[in-house]
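Q: Required output: the full structure, derived from the provided sequences and hints.
Those sequence lines, one after another, are chains A and B.
With the first letter of the first sequence counted as 1, position 51 gets the number 50 in numbering that gives the first Met the number 0; the numbers rise by one all the way through.
With the first letter of the second sequence counted as 1, position 164 gets the number 163 in numbering that gives the first Met the number 0; the numbers rise by one all the way through.
Just so you know, these hints were derived from the structure itself, not from any lab.
You may find that some hints are simply not true.
Copies of the same chain are indistinguishable here, so a pair counts whether it falls within one copy or spans any two.
Okay, derived cross-link-like pairs now, DSBU-like style, lysine-lysine, Cα gap no bigger than 30 Å in a straight line [stated by the list, open to error]:
1) Lys291 to Lys389
2) Lys286 to Lys53
3) Lys312 to Lys196
4) Lys173 to Lys312
5) Lys212 to Lys303
6) Lys336 to Lys173
7) Lys212 to Lys312
8) Lys196 to Lys7
9) Lys163 to Lys173
10) Lys384 to Lys312
11) Lys312 to Lys203
2 protein chains.
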Amino acid sequence: MKYKVLDKNSVVNYLFEIQEVMEFFGDDDFEASEIGDGNLNFVYIVKSTTNPKKALIAKQAVPYLRCVGEEFPLSRERMTYEIRALTKFKKIVPEFVPKLYHTSEDMSLVVMQYLGEHQILRYDLIDKKTFPNFSEHISTYLANTLFYTSSLYLQSDDKRELIKKFNDNTELCKLTEDFVFTFAFMENETNDNENVKDNPLAAKIFNDMEFKKRVLDLKYKFMTQTDALIHGDLHTGSIMLNNDETYVIDPEFAFVGPFGFDIGALLANLVNNYVHHHIVTGDQEYKEWLLKTTYEVLEMFDEKFFELWDSQKDSALITDGYIDDSTLEQYKSQFLKSILQDSVGFAGCKMARRVFGVAGVEDIRGIKNKELRAKAEELVINIAKEFVMKYDSINSVEDIIEIIKR
Amino acid sequence: MKYKVLDKNSVVNYLFEIQEVMEFFGDDDFEASEIGDGNLNFVYIVKSTTNPKKALIAKQAVPYLRCVGEEFPLSRERMTYEIRALTKFKKIVPEFVPKLYHTSEDMSLVVMQYLGEHQILRYDLIDKKTFPNFSEHISTYLANTLFYTSSLYLQSDDKRELIKKFNDNTELCKLTEDFVFTFAFMENETNDNENVKDNPLAAKIFNDMEFKKRVLDLKYKFMTQTDALIHGDLHTGSIMLNNDETYVIDPEFAFVGPFGFDIGALLANLVNNYVHHHIVTGDQEYKEWLLKTTYEVLEMFDEKFFELWDSQKDSALITDGYIDDSTLEQYKSQFLKSILQDSVGFAGCKMARRVFGVAGVEDIRGIKNKELRAKAEELVINIAKEFVMKYDSINSVEDIIEIIKR
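A: Right, dumping it as structure tokens:
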């Protein structure tokens, strides 16, 4: 089908032709309305007219950034990679990926499960909500998606097939290279320049050459390290959940990149939220829950990844019989430590870029009181800097928690 | 054109249709004869009947390993990557790549300059020939091919295009993964098992788990580190030269891999030749020339790579204005040290695999006297092991020369 931009009327006509959608709605009529919070894309909720709780999401990419407009072109092929990533992750961790009813790379369109009973994690964390199963769920998601798409599980030919499928997601990778690793640490028109101006904290980070040198190392890893298929933008706005279920959405930044990047993104967002509560609410109990959750996510990831690896005797990397079991266990421990270290480094970049870079997060930039916001920013920069300066000497999850608490 | 296997008659008929070939031979008739030393492919020398010095090389891949036969299938698409690599390298360092007269990915065929006045470096080194310009030439080749295909020069989209062009060279990458990094260090039917049997040296290396653990690290780098377009098999049999000119041939293993792999391959082959002369000829003067050459290749590579990098202000990695000049110089020094370190690690693997692995080299396996051969093998393993165990603490080229000399 030839690509055309749909609106709330034509999307309904389009969906009439999709058998899975028609089966979902059965005898019900349905209608679509736009959801306003799509930054990059047009997102429609398609509801049964008789039973509005029966609904699907239709998401279409347009050849520009929706939130900015046609003057910021961004090729709609980003949806190609979102579709491929959703499809791949759905196979690996079906319980954490929305059900897919229809995908079309030609139309840059995906139709999927409506998460009507789930909230976006970022705002729930700001509202001090706790989730008893979150660390269990997200560590399972991370361990499985990363392990099963790596050379520790795949054979070489399957790994290269996977790299090929995502190799051309250049534009979105470039956004990360620019906005996460570069522009947020130098004078740049895309920054939050109202805040940068005459701000000693901005001057401090822009002039910290040792920090920036280490950011270069991490940027280079991001650009050249093909460990596994990563989500690529796993912040707390890409997670929807409730007490029972956790879903990871919006993987349009997906490509075969470094193990530590998704883990680092999540860590960065949890710490930014911790800073929010430390400065704004001072809620000790909630801060404890955040630290416990952070600890659990990282520890459980480690255990689960290790376990998955132990169950796989032969892969692109390991030939059965090559090395004895006890040495292999040592190798795995070192390997996992190095994943943890990279995660901390990436987390540092991701935290720091939220302070002066183009896309602030509600946890920090959303703080209304200017004085408190400045305090939060300073704390974010301090922790981020310590993460970046020390990531390669981190030995354990405890080391990370210590840095956050200080 | 549909693929078909050519023989010495049909290759001539095929070449009649190629304008560049007809222009090369002008009014001369020409005929083809097979050159026996192609391991993987059929190689024909196509000569003018009136002036046999006027000649071209036609090289065609068949869907199996020529030297073994049809029972060892290997897809002929390896020639696709050889053609792409020759074409790319020819643009970057035209003086070190044979002139190309015709290439056809469909026919898995390349027609190129005949290097009638050049010898294969491996045999010349065994014959104690010296080459006054070799280190100058090969360091220029390495610095330029690696720099201009890396993220230190290219922008992100061009880098990803390059990765894509070579991504499917899976089969040949897999040969390296298996034969360089794995099978040569464990019981395997492909090894030189006559020599492995009851050999304490084989037992020593097969049971050295610390060594093998480090080999795993290097194998993982080989599989996942997309630094630059590498030749992939840069041993001294892939270099043809005389006093004035140096040519690098046979890049069918090319793919976007780690910086250190080509440098390491060359280092390994120079050291294996050094061991040959240490044990077999005892020629002190030639050994000195080999050490001097090894030193020069590595030092000159470093200088030239640095110089190329200094001339490039903006790339996928470095945004002009991001970091101050003196910090950037420090970053570059660290970066180059890490290339040197990886080169030493890869050299260790490549040296060691020649001892018991499937493809021995003349410098070592060709030693007729069994006792001397065993001595040479022991020295190769000792140096290789030191390279692998210490590569990440190497600080300078002097450190490497010290290890070889001891």
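Q: All the hints need checking, so say for each whether the structure fits it.
A: How the hints compare with the structure:
| no. | hint | verdict |
| --- | --- | --- |
| 1 | Lys291 to Lys389 | within (22 Å within a copy, 40 Å between copies) |
| 2 | Lys286 to Lys53 | neither (37 Å within a copy, 81 Å between copies) |
| 3 | Lys312 to Lys196 | between (56 Å within a copy, 27 Å between copies) |
| 4 | Lys173 to Lys312 | between (36 Å within a copy, 18 Å between copies) |
| 5 | Lys212 to Lys303 | between (33 Å within a copy, 22 Å between copies) |
| 6 | Lys336 to Lys173 | both (28 Å within a copy, 27 Å between copies) |
| 7 | Lys212 to Lys312 | between (39 Å within a copy, 16 Å between copies) |
| 8 | Lys196 to Lys7 | neither (42 Å within a copy, 75 Å between copies) |
| 9 | Lys163 to Lys173 | both (17 Å within a copy, 16 Å between copies) |
| 10 | Lys384 to Lys312 | between (39 Å within a copy, 26 Å between copies) |
| 11 | Lys312 to Lys203 | between (49 Å within a copy, 24 Å between copies) |
Consistency note: the structure conflicts with the earlier hints numbered 2, 8.
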